[in-house]
Amino acid sequence: MSKRILFCDDELHILRAAEFKFKRAGYDVVCASDGQEAWEQIERQLPDIVVTDCQMPRLSGLALAARIKATPHTAHLPVIMLSAKGFELPREELQAQYGIRCLMAKPFSPRELFARVEAVLAEEAAAPV
1 MSKRILFCDD ELHILRAAEF KFKRAGYDVV CASDGQEAWE QIERQLPDIV VTDCQMPRLS
61 GLALAARIKA TPHTAHLPVI MLSAKGFELP REELQAQYGI RCLMAKPFSP RELFARVEAV
121 LAEEAAAPV
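The working numbering puts the last residue of the sequence shown at 129; the count rises by one with no breaks.
Calculated directly from the structure, the hints in this document are not laboratory data. Remember, it's a predicted structure, so these values are computed and weren't measured experimentally. Yeah, the Cβ is synthetic: ideal placement off N, Cα and C, and Gly gets one too. Fair warning: there could be bad hints in the mix.
[What the hints assert, rightly or not] With a straight-line Cα cutoff of 20 angstroms, these simulated SDA-like cross-link-like pairs (lysine to any residue) come out: (1) Lys23 x Ser33; (2) Lys3 x His73; (3) Lys85 x Asp34.
[Claimed, not checked] Pair ranges (Cβ atoms, derived): (4) Glu11 x Ala126: 28 to 36 angstroms; (5) Ala115 x Arg16: 17 to 25 angstroms; (6) Glu118 x Arg16: 18 to 26 angstroms; (7) Arg111 x Ser2: 14 to 22 angstroms.
Put together the whole structure using the sequences plus the hints.
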């Protein structure tokens, strides 16, 4: 069974590029254009990983990550955060407070994003239950 990835970004070209790259690699891809839509997708069917932009309308990526971490049935989900302000954000605080596993600055290469997602999923698979 293929891994399910939820991509959340308000920039359509980023969603489409990620969707194309990951579907070609055999992943089940779900896209959302804001944090609220992403949360609704999570409630419908849990993904294996969430990749979200930081700044979005309706519900920010940080608010989405906080909700994921605070909700018992989603707290285990790994989250990768994308941000145009990537190097301005305090990585340690994001990891501790929001459970962010990886922070990537925009712009990024699809190849780099693919490698990061694969690495986080491999860590999840290797973690003791």
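Each hint tested on the structure:
no., hint, result
1, Lys23 x Ser33, "holds (18 angstroms)"
2, Lys3 x His73, "holds (18 angstroms)"
3, Lys85 x Asp34, "holds (18 angstroms)"
4, Glu11 x Ala126: 28 to 36 angstroms, "holds (32 angstroms)"
5, Ala115 x Arg16: 17 to 25 angstroms, "holds (20 angstroms)"
6, Glu118 x Arg16: 18 to 26 angstroms, "holds (20 angstroms)"
7, Arg111 x Ser2: 14 to 22 angstroms, "holds (20 angstroms)"
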